[in-house]
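Whenever a hint applies, use it, and build me the whole structure from the sequences.
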Amino acid sequence: MSGAKKRFEVVGRERRRVDGRAKAIGALRFADDLSLPRMLHCKMLRSPLPHAQIESIDVSRAEKLPGVHLVLTGKDFGIPYGIMPVSLDEYALEPERVRMVGDPVAAVVARDEQTAAEALELIAVNFKPLPTISSPEEGLAHPETRIHDYGEQGNIHRNQSYEFGDVEEALAKSDHVFEDLFFFQGNTHLPMEQQASLAAVEGDGKLTVWTSTQNPHYLHRQLARVLQMPASQIRVVATPNGGGFGGKCDPGNHEFVVAKAALVLGRPVKIGLTREEVFYQHRGRHPVLMKFRTGVTKDGKLTGMHLQTLLDGGAYGSHGPASTFYTGVLTPVTYELPRFKFEACRVFTNKPPCGPKRGHGTPQPRFGQEVQLDKIAEKLGMDPAELRINIATKENSLTANWLRVGSTGLAECIRTVVERSRWKEKFRKLPEGRGVGIAASAYMCGAGVSIYWNKMPHSGVQLLLDRSGQVAVLCGATEIGQGSDDVLAAIVAEVLGISTADIRCFTGDTGITPIDLGSYSSRVTVMMGNAALQAASRVRDSLALAASESLGVAPDQVAFSQGKVFAAGDSRKAMSFVEAVALAEAKFGTLGAVGSYTPPKQPGKYKGAGVGPSPAYSFSACVVETEVDPLTGWITVPKIWVAHDIGRAINPVHVRGQVIGGVYMGLGEALMEEQAFRRLPEKLSGALVHRNPSMLDYKSLTSLDMPEVDVALVEYPDPNCPFGAKEVGQGPLLPVMPAAANAVYDAVGVRIDEVPITPDKVLAALEKKAKGETPRVGPESFPQVPYPAPTFVLPPWEGGDGDELKGADGKPLRKARARAAA
Amino acid sequence: MNAPAPRTIHLTLRVNGEDHEVSFAAYKTLLEVLREDLDLTGTKHGCELGECGACAVLLDGEPRLSCLTLALECAGLPIETVEGLARGTQLHPLQAAFADLGGSQCGYCSPGMLMTAKALLEAEPSPSRERIREAISGNICRCTGYQQIVDAIERAAAELREARK
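From first to last, the protein sequence lines are chains A and B. Numbering-wise (numbering that gives the first Met the number 0), the first sequence opens with residue 0 and increments by one. Numbering-wise (numbering that gives the first Met the number 0), the second sequence opens with residue 0 and increments by one.
No lab work stands behind these hints: they were computed from the structure. Errors might be hidden in some of the hints.
As the list claims (entries may be wrong) - Simulated restraints on C-beta separations: (1) Arg163/B - Phe587/A: 50 to 60 Å; (2) Pro758/A - Gly16/B: 40 to 50 Å; (3) Met228/A - Arg128/B: 32 to 42 Å.
Claimed, not checked - For the chain A half of the interface with chain B, some residues (derived, Cβ under 10 Å), not all of them: (4) Asn240; (5) Gln657; (6) Met664; (7) Asp704.
Cβ coordinates follow ideal geometry from the N, Cα and C atoms, glycine included.
Set out below in C-alpha cells:
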C-alpha cells in the first residue's frame, strides 16, 4: 500500500504542522483547560503506606463539610480493570488493600479543589500494615507475602521461556562465549502535562469523558466495563496530550472516578492530578536485571544468545504481559542471530506499576546487547562499527523467532554516523578523558496484534467532503505531540492534490471518529496512514470519475495537483478541486469514503508469537561523544550524531524533532533519570517511599545539559508503509544509552554496566581501575529464577514451520526436553 | 466542621494591556487567577511548585513563575501572557518560528518558553545559542530536546532585528 505517485507535493516537504499555530498562541485546549457550567472538582485520597489492609474508612466528617457534594470509596467500584485482559487487577478506588504509596482509596467531589482537599483530611482510614516487597529478588524470596492472588506463583506475575534452535549447542560450538550482567534502572515519562479529566452527562443523557489519554478506545472499553454501561452510551474524547511517552496509555483511576461522580451527581466533574500523583500513576520503564550469554565466531558473527531478564513490575499488571515479552522479542531484529533463547520473569513489588515507556521493554535489553557487542568487538580486535555492519539483518529476511524484517537501512545508518562523527579519527584515539561510543537499534512500527483479541481493523479513517470544497478527516488516533494529526492531513492532502491547510482533522473522539487503537507502539503513522491512504484514494477515484466526463479524458488520466483537477496530458483542461467535488456530489450524492488497516499476517505460529511482529521495523544508529572528569566522575556530552531509517519522512522538520526528542530522553535515561525508592527507618514504619516524586528531585536534562544533535535521515521506503514512511517516535531513543556507556569506556576505560551512568558509579569504577581491580560497576549476580521449560521453536533456516516443535504424539517437545534434562 | 470563608480580594489586574476587575480568594496564585478567573488558559502548569517553568508569564517585563506569585501582589503591574503575543491574527515572530521549526511538539511548555524567550530578546536582541540555552534553562521541555526551540528563538531574533532596521 505505498503511494503510487512518484513526485510528492506535500510528503517530504518541510511544513508548519497543522496544530502548530494553536500551540504557539496558547489556544490548544488540553484537558485541564476545559470547564463547563456547574462543574465540580475532584481530589483523591491516597495511601501513605506501601502495603496494607484497609480495615475501615470513615467518610462521615468529609461528607458534612460545606461545599462537598460526594465522597466515593472502594465500595462504589466493584469491578476491576486493567489495560490487558489477562491483568484486570486494579480498582478505581481500592476496596480492601493498598499495594503502594499513592494507591487511591477515596475521592471527594466538591465546589472547588480547595474544599475537596480540606475534605480529604477529614477522611479516617484504618490501615493494617503488611510486609512490603521492594525488589524482584525479595518478591521471589518471599512468596508468602503475596501482593496479588493471581499470577504464575507467589509474586511472579508473568514467567516465560522460549528457545529458537538449540542455543547450548550453538554456544558450545562458538569460538568465544561472552557472559555479561546488566541492570537498567526504572525511570518515568515525566510528561509536562499532568493528567486531567472532565466528565459530564450531557443533554442527551449520555456520558462524555474528556481526558488526557493516549488510548481513547481502550479507555472506552474499560469505562463501559467498570461503570457497567453500554459502550454506546459513553463518549471518550482524547484531548491533545501534553506529552505522553506511554504514560497515558493505561486507564487511570481518576478517569473512572470522575465518570462515576458525574453519573451520580448529574453535574460535570473535573480532576487534575498533581505532579506527585503523576509519579504514582507512573507506568514507566521497568527496572530490568539482565544476563546475556552470547556466542560469537572469531570473525565477529553471532552464533547464539541466551538472554534472561528479571523485571520489577511494581504493584499492578499494567502492560506487564507485553512488557515482559518485549524484554526479549526484538533482540534478534537488529543483527543476524541464528539461535536465540529468551527467559523473562516479571515480579510484583510494592511500588508504582511499571508499564510502557518510549521503547516499551526493549531499551533495557538493547542496552545490554549493544554494550556487550562493544566488549565483543574489543576482544576480537574489530572496529565496533564494522562488526555491526557485518552482522546487520538483511532486508526481506526472517529472524530466529519468526519476525519478518522488510526494508532496512541499518548499514547505511551506521556508515552515516561513522562518517559524520569522524569516528575513525576518534575511536580509541582521543586523549584520556574523552571518548566516543557507538550503538545501533531496531524498533517496531506498530504492534501487529491488538491488546484484546479481535479480527477487526487496527485503524479506521473517514473522509467527508462537500460542495464547499472542505475536506474533513476523522480518525480515532490521538495527537500526543508526536504529530499524528499532521501525518493524517499530509497523507490525505498528498493523494487529493491539495494543501494540509485545506483539511480539518477530527481525531481521538470515540463519539465521532472511526476506531484507531491508540497512540502506542509507534503504530500511528503506519496504521492510521494506510487507512487514510485507502480512504483518500477512494475519494480520489470518485472525483476522477466525475471530473473525467467534464474534462473529456479517461478517469485514469485525471491528475490532482495544487488544488487543481486536470487532464494529465493537457493542463489547459482543468478545474478547481472545489468544482471537481461539486461534480462528484452531483453524480454520486453525498460524498465520503472510509479506509481501514489491518496488519499483515505474520509467519510465527507458536503461542506468544503475537508479540513482536510489526508491518515494518525502523533502524537507528548513534554515536555519542563524552568527556569524563576523572576527579568528579562528571560526564559531559558535547555532541551526539544519530541516523534514523525513517522509510520516508512525511514532514522532515518534525521527523528530526522526534529524533532529537528521542535522543534527549535517551540521554536523560543514560545519565540521570531514575524512579528510585528508599525504605524509611523502622521507627517511621519502614515503608517504601518514592525518593523523588517532584520535578526538582527527579533529574532530567535542561537546555544547558542537552548537546546539539546531528540528525541524518536515511530513507528506505517500506512497501508496507504509507508512502514508505516508518516510525520515528521511539526507535531513535534506543541506541543512546549503550552508545553513552560505550563512550564512557572509550574515554576512561571503565565499564558501567547499568543505567543511569552517574558520577558516583564512574568514580567507583575509576577507583577499582586504580587498584588494579576489574574496572566495572554493574550487577554482580543473577538470582535463581524458576523460569518454566522453554517453548521450543525451530528457526526458519532449521526446517521450522513457525510453530512449537511437537513430538510424534503431538505434545510439545519442550516437555520431553525438560524430562531429558532432568 | 465549618471551614472559615476565605477572604476575598477585589482588585484590578492589567493583563495584555487590558484592565480586568477580579475578585478572588486571597491565597490564589497568579496562575490560578489567570486560568480560573480570567479564562486565560494559555498559561500552563506542570508542577505548581516552581520547578518546571510551564507557567512563566511576564510581570513588568520580567519572566515570573505565576505558580509562585500571589495574584494580589500583581496589582498595578503589567502582566503579559501568551494570549497577548500575537497582533490580532498576526503571529509574533517567536510564535511563527515555533510553529514552523518544530519549537512545539506537544505544545504544553510552549507558552512558558515563548514568554521567557520574549523577555530574552527584548533585553538581548542578538543572543548566542548558548545564551538562549541559558535563558530557557528553567523551562523544562520533554518533547523537543530543546534544539528546535533554540533554532526557533534564533530565527525570531533575526526577524525582529530585521524589522527594527
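Do the hints match the structure? See the list:
{"no.": "1", "hint": "Arg163/B - Phe587/A: 50 to 60 Å", "result": "holds, 56 Å"}
{"no.": "2", "hint": "Pro758/A - Gly16/B: 40 to 50 Å", "result": "holds, 49 Å"}
{"no.": "3", "hint": "Met228/A - Arg128/B: 32 to 42 Å", "result": "violated, 54 Å"}
{"no.": "4", "hint": "Asn240", "result": "holds, 6 Å"}
{"no.": "5", "hint": "Gln657", "result": "holds, 8 Å"}
{"no.": "6", "hint": "Met664", "result": "holds, 7 Å"}
{"no.": "7", "hint": "Asp704", "result": "holds, 9 Å"}
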